[in-house]
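Here the protein sequences come in this chain order: A and B.
Following the UniProt record's numbering, the numbering of the first sequence begins with 1 at its first residue and continues without gaps.
Following the UniProt record's numbering, the numbering of the second sequence begins with 1 at its first residue and continues without gaps.
To be clear, the hints were calculated from the coordinates, so they are not data collected in a lab.
Treat the numbers as computed from the prediction; the structure is a model and nothing was measured.
The C-beta atom is built at its ideal place from N, Cα and C for all residues, glycine as well.
Please note that a few of the clues may not be correct.
As the list claims (entries may be wrong) - Calculated cross-link-like contacts (lysine-lysine; reagent style PhoX-like; alpha-carbon spacing at most 20 Å): (1) Lys-142(B) - Lys-318(A); (2) Lys-371(A) - Lys-142(B); (3) Lys-131(B) - Lys-430(A).
Claimed, not checked - Pairwise CB distance ranges, derived in the manner of DEER restraints: (4) Val-101(B) - Asn-370(A): 25 to 33 Å; (5) Ala-277(A) - Lys-394(B): 49 to 57 Å; (6) Asp-129(B) - Ala-277(A): 48 to 56 Å; (7) Phe-237(A) - Ser-249(B): 32 to 40 Å; (8) His-234(B) - Gly-357(A): 58 to 66 Å; (9) Gln-60(B) - Asn-370(A): 29 to 37 Å; (10) Lys-222(B) - Leu-353(A): 35 to 43 Å.
To be verified - Here are some chain A residues the structure puts well away from chain B; computed CB gaps all over 10 Å: (11) Asn-435; (12) Pro-502; (13) Leu-551; (14) Ser-557.
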Amino acid sequence: EWTRSGRRSLQVKFVPDEDVLKHITDDAGTKVRKDKAQLSVTLRRFVKKLENISDNEAHEILEEKNYVAALGIRTQDSMGNGSNISGGEVYSFQTPKRSSKMAELASELAQTPEQNVASDHSKCPEKMAKTPQSSSNFMWAEIVWKCNLKKKEFVSTTPYRLRKRLAASDPYLESESEYSASCSEEEDEEDHKEVSTVLSDQKTPGKTKAASTPPPRNSRAKKIKEQKMGNLVEEYFEAHSSSKVLTSDRTLQKLRKRRLSQQTLHDLLKKAPLAYAAEIRDLNQQHESLFSKWMLQLHLGFNIVLYGLGSKRDLLEKFRTSLLQDSVHLVVNGYFPSITVRSILNSITEEVLDHIGTFRSPLDQLEFINKRFKEDSSLELYVLIHNLDSQMLRGERSQQILAHLSSLPSIYLIASIDHINAPLMWDQAKLSLYNWLWYETTTFSPYVEETSYENSLLVQQSGSLALSSLMHVLHSLTLNARGIFRLLAQHQLEKKDNPSHPGLSFQDFYQQCREAFLVNSDLTLRAQLTEFRDHKLIRTKRGADGVEYLLIPVEDSILADFLEKEDEDV
Amino acid sequence: GCFVFKPTAKKRRLSEKTGHDFRSRSSDSEDTELRFVTCQSLWNQIKSETEQIQEDLNKQLLDNLVSFLSRSHSEFQEKTAEWTCRMKFREIPTAALVLGVNVTDHDLTFRGLSDALQDNVTPYIALLDAKDCPGIKNLMQKLMGQLMNCDIDMDSSEDEDCVQVSQNRIRCSMSSLIGWYESVTKKTDSETPSKKRNSSSRHWRSPPVVVIFKDMESFTTKVLQDFIAISSQHIQELPLVLIFGIATSPMIIHRLLPHSVSSLLCIELFQSLSCKEHLSAIIDKLLLTSRFPFKLGEKVLQVLINIFLYHDFSVQNFIKGFQLSIVEHFYSQPLSVLCCQLVDVKKRVCSLSQEQCENIRRLPSFRRYVEKQESGKQVALLTNDSFLKEETVKLLEDLHVYHENYVSILRCLHVLTSSLPKYPLGKQIRELHCACLENRVWETEEYESSLQLARMLNKTDLVTMLQQCVEILVSSSGKEFDKTVEKLKEFLTQFQNLEEAAQERDVSVPSQKELQKKTDLYHLQKTLLELKESKRSKKLTKFEMLRFEVVDCIDSLVRKYLVPADDRTLHEIVYFNSATVLRGHLNAAPRTALHTALNNPHWYLKNQALKCDGGGISNKAPDICIVYKLHLECGRLINLVDWLEAFSTVVMAAEEPNADAASSDQVDDIIHARFIRAVSELELLGFIKPSKQKTDHVARLTWGGC
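Isolated chain A, as found in the complex (with noise of 0.2 Å):
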């Protein structure tokens, strides 16, 4: 119970707690005192590992003298748009890492500024004596435990009987909790080898043994290198074929917080303030100071796409308002949900070249716009494209299409793209034809506009949609319908808590419908749930003995709210 498996040497042992309460009463002791002797050394070594990222990049691009550095301009990059990364850092593969390591980092990070205060030493020496000894999954419940020690408020990821211990909080048995660390050390060290031949000797080796002088970098890194290429495919197919999550069980429900809905969230961001305001600001001025250039650009018939964090929205927005105000533009939002290519040839159709009619399909429709572009020479038209990567213009059609479109003479286009991946939605025929060029515009700006329409995972779908149109098709219907209709919602909230309920059977169901005298034969029952089939009111299952269950495809408070309209309509 105590040792978790570990992922390479698959041992599994079962440890009786006595025994390791023994254990710990023999070691405890002296392991705090060593690990405080270590502990300055570690934290020094945490933030030398951030140094060494910056440092060793000119040392491994010299190294891996890769075609990019045979451009030979990294040394003048003056702009640094962050292009002196060597792609191997970029999108090298990764050992797993379980998510005890993201308490860890965390903790880490939040102790940064304190980093050299010695009071924390006094006051509990176990919890700084831990920083070195990282990457258990308790040192996670630990640190929360920790914080929460103030707030009152506890919650723990660890299994049920320490987290018992721990509610005692006794400081004996937190260094307790601390070394059921250790029983998985020799798995942890695995585990650092693993990520230090990963990275690529940005970290240190010894985090787990501090106080061992690293190696001469040389060396190291060569032997690193010959390792990786072996260990690099059989890590990935390791890391992905294990069904088995390392994750903890906790779930939001369990945590106290309610699902913010959309308003609401809206509302507590306003009430944050936006960090760095004004080094966002300077940043956003440094790319409206292009406007002109790409004004330029775009009329000698080069294209504009604009990537890098943060919206760009805000930007292509002033850039239009500054810019555009006298000539016709298009603006495309592409991060609308419904946007479809079509709808943006429509409007260029419609409204641009005045068209009326319909086509039959949509490469129709691109030659109707190219012959009219190429008929008449005065006719120009900007278009402003927000996520031109966005989960509806990503596919190959649409993308073949827009770049058609933008290989027009008099067409403009300029476009924002977010997705890391953006780039590989265009192949060489697709790239000629837009003609791009890049500029990076990091902003740092939230992407307000872009997630709102995102159902994210935290918000909770306020589900009025859904309420609304189930309103509107149940008024539409007799009454006997809507009894009937009535009656499988009320046996389904009833059921709510029974997640393998399977839905009411259609005998029960007519039994039901009869009693209340909604139906006299289960012919008209039947004609009935056809017609709430048909406006995808209920769902028909079939079980496994061949029984039809009915079911309502709505979510139980969404059901409810509809009973409470119901019963105030009655």
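Fit chain B to the supplied structure of chain A, relying on the hints for placement.
Only chain B this time, still in chain A's reference frame:
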């Protein structure tokens, strides 16, 4: 999601718009107009030049294709006469055109091809793209649409037909196509003789119908097979000729088509010119010439060539990069107004404003130049504008002369180095050009070793090389080479003399003969030693002396004329050197930028609080950076609750000082909201996605970073 905005006032800014943009960019408004005009005219010149080059290079290919068409066509006409032949030959004449992997350049080739065919062979050409033809029906539709449209182009009197055709109502079948063809050919035959002569002068009688499959590989096999099978049935009535555009290798035809189908084709293979040759031609004509005042710096050229070699092999993209460099240069360098033909220089220099003079004085290369002058001249250069202008004209002329000489000598050196084994200075002249631009080539190891090798050249090679050099120098426009040419010619005559002398003198080689005698080991050793001694002390032969002289002569030429451009005064005016900009626009790395922004926000946000030791990340970083950093520590799945906890731990630690003031509950909510925002942003960026594998988990989508 789409919004069209139309200007309220229907005023339209017209052609001077582009100039407007160019002008409005910066504070120095002067000369921008002129600069823009110069830029445009230069670009137009270069564009037409590249088109010309392309045309010349494709000429051979097009000629071959046209002759192929005529051959196959004449067969068709004969065939119509002989009934037996008709039965036998159901083969469709087909040209397989191997174009190479640079797909982006194909369009131009095809355009040239269809133009050439239209002019010389037939008006009936259809260009088919794979993407338009997912099924045989679409293919036929497309084919007929194109053929009937071109019919309209030829004869505008058929307006009624045109309407009918454009409705796309007619049934797309082979028989209707044949019907159309018959009617069209009959019509042209029955037309008035004058008109007939008119049209037949360009096209043949009953011209063939050419169908071009632009990207053969992307067509589905079924469509191709069906089309070929069907049209082979009708080849007697419809003189069809197919052209396959192939990017990979001709093998693909047999892989796509089974034997039963490919046997219906009579395939002839054509090879278009390789993109590397094309590039060499472009570089030769655009860069290694003094015709255009604008020059590419070493780094820029290197970037463009690297994009070509490592990314796409596309000459189009190379030219695009070239265009971009021109625009960038004229846009960003105010002095680029002087980057014009030599005849205009004087006038333009005279009209320079005072500010522009200051700009000249600010140029690093000019400053270096000033420092080298004696003090009196220094003062004059820095204070007297008119003196400065005179000097500038002189310097620009120097620069021009330098460039003329540079090109000639570069070609000579290339003749020398390209004949050496292992090509220490590169096989292509562009490599040599880059090496010379980069730094003093004579200081490099490669140059040293190539001279070494040159000193070992045999006589015939040396003589041919010298002859080539003489040709280059004679034909060059540089005026300083008279003496050099004289000298080289003298070398040539000396070699000639040497040959004659050698013929007269019979050099006996006694030592060699001695060796062949029977001897014991001791004696052999002794003679060998003696031989070695004699060789060491032997005087150089006349030929060797001469060879040394030749190499030294070339060496001195190189040292004199192949000075890197960076060392020349005022090189900034004509050389475009900001390779970073170019690379940023053409060969961007969006993912790297994201990576930097997330890992090292200080790079962009110059705030002291973000500056964590060594470019790491502090807990005061923007939310998304923290969330990103935390998620990197996770495996395939991430527990949202854990993530949220970790996030709030970090954020709380960062906000400790003022957190007590606000009510903790609200703070919690705000942190929660910030977390939600950051996570959904990561989702938008494609780092995570929701997962159904476990409740409240998200899946990581990347395996990168650290």
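Quick rundown of the hints versus the structure:
Only pairs whose Cα atoms come within 20 Å are accepted, and Lys-142(B) paired with Lys-318(A) is rejected, the gap being roughly 43 Å. Straight-line distance between C-alpha atoms of Lys-371(A) and Lys-142(B) comes to about 16 Å, which keeps the hinted pair within the 20 Å bound. Pair hint Lys-131(B) plus Lys-430(A) holds up; C-alpha atoms about 12 Å apart against a cutoff of 20 Å. At about 28 Å, the beta-carbon gap between Val-101(B) and Asn-370(A) stays in the expected band of 25 to 33 Å.
About 54 Å separates the C-beta atoms of Ala-277(A) and Lys-394(B), a value consistent with the hinted range of 49 to 57 Å. Distance hint check: the CB atoms of Asp-129(B) and Ala-277(A) are about 50 Å apart, consistent with the given range 48 to 56 Å. The hinted window of 32 to 40 Å between Phe-237(A) and Ser-249(B) holds, with their beta carbons roughly 33 Å apart. Between His-234(B) and Gly-357(A) the CB atoms are about 35 Å apart, so this pair departs from the stated range of 58 to 66 Å.
About 33 Å separates the C-beta atoms of Gln-60(B) and Asn-370(A), a value consistent with the hinted range of 29 to 37 Å. For the hinted restraint 35 to 43 Å between Lys-222(B) and Leu-353(A), the CB-CB distance of approximately 37 Å keeps it satisfied. The claim that Asn-435(A) lies off the interface is violated: its Cβ sits roughly 7 Å from the closest Cβ of chain B, which falls inside the 10 Å cut-off. The Cβ of Pro-502(A) sits about 20 Å from the closest Cβ of chain B, beyond the 10 Å cut-off, so the non-interface label holds.
Its beta-carbon lying about 19 Å from the closest one in chain B, Leu-551(A) satisfies the requirement of being farther than 10 Å from that chain. Every CB of chain B lies more than 10 Å from the CB of Ser-557(A), the least distance being 17 Å, so the non-interface label holds.
Of the numbered hints listed earlier, those contradicted by the structure are 1, 8 and 11.
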